Amino acid sequence: DGGITQSPKYLFRKEGQNVTLSCEQNLNHDAMYWYRQDPGQGLRLIYYSQIVNDFQKGDIAEGYSVSREKKESFPLTVTSAQKNPTAFYLCASSQTAQVYGYTFGSGTRLTVV
Amino acid sequence: GNSVTQMEGPVTLSEEAFLTINCTYTATGYPSLFWYVQYPGEGLQLLLKATKADDKGSNKGFEATYRKETTSFHLEKGSVQVSDSAVYFCALRVQRSGYALNFGKGTSLLVTP
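So the sequence lines, in the order shown, correspond to chains A and B. Every position in the first sequence, counted from 1, becomes a number in my numbering once 62 is added. Oh and the second sequence: position 11 is -1 in my numbering, straight run, nothing missing.
Bound conformation, chain B alone:
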């Protein structure tokens, strides 16, 4: 089946540290891959996406590269800020189930001053 595995949190970093959140996936066919961010008490916001192998999605200093050979889509940021504290979800989308997104369990990030 289709599934997403994320590193478990919480992840605690100091401001300006380098961030990596690992994400690997299992899918039939060729999925599109997404990272979403959720701030406390809110819905999810699309952070970035990649729709085919070797694509790099980027937004607000975050990047992730679609690696088909390792079935991975790791999220990175060179210098985190306190305002990046949130929960991050990796997700894939395929034709199954009406193109419903399959989500990982989320990784909580806390950035301290």
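Just chain A, with the same shape it has in the complex:
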């Protein structure tokens, strides 16, 4: 079955460390997205990519970086520059047209210890 896989489900990071969250899809979707979810704030867009080797900043890109070397993969790195990284991170993919909804992964919960 096609789907989108995020790993790990839980991640703990020490202060000053970079960590990378994995997102893989086998839906043949062109577009991929990273969102951050905090209690009471809904979902906020971090980065998005419409095509391989191209990506754009979303509303809260500071302290994050991404790559899109393969159509199936869109990893997110949370750098030490991100001041408040503890959150639930959601990856999604979609066809690039507004009539389509997203398919979401099951999320990664990142905690700074």
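Bear in mind the hints are in silico, worked out from the structure with no lab data behind them. Not one of these hints is a red herring.
Each computed EDC-like pair below joins lysine to aspartate or glutamate, with the alpha-carbon atoms no more than 20 angstroms apart: (1) K44(B) - E57(B); (2) K71(A) - E30(B); (3) K93(B) - D121(A).
Note that the structure is a prediction, hence the values are computed from the model and not measured.
Put chain B on the given structure of chain A with help from the hints.
Here is chain B on its own, set in the frame of chain A:
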């Protein structure tokens, strides 16, 4: 800009009660509209969608009608079940930002037996 406003929760209902979750939007152009549902610790699942004015999306007993004149997309269900307890997100999608979804802040629903 583009934005979505949802009624604030939490909403608590008894089983078999009628549900309405209000959603209004602001958008340039003609967005597609979506409702997503999120169960605890999971990613979001598409519940229903509507892509043009007067369209009605429906799924699992939930319905929402795209009302352009009132810029609304209210979610309704005639008889809720305990298993409907979740967080519900209204969202819109337009061409801006690579067709990224704009989400409301979510409405938490608790259905009691």
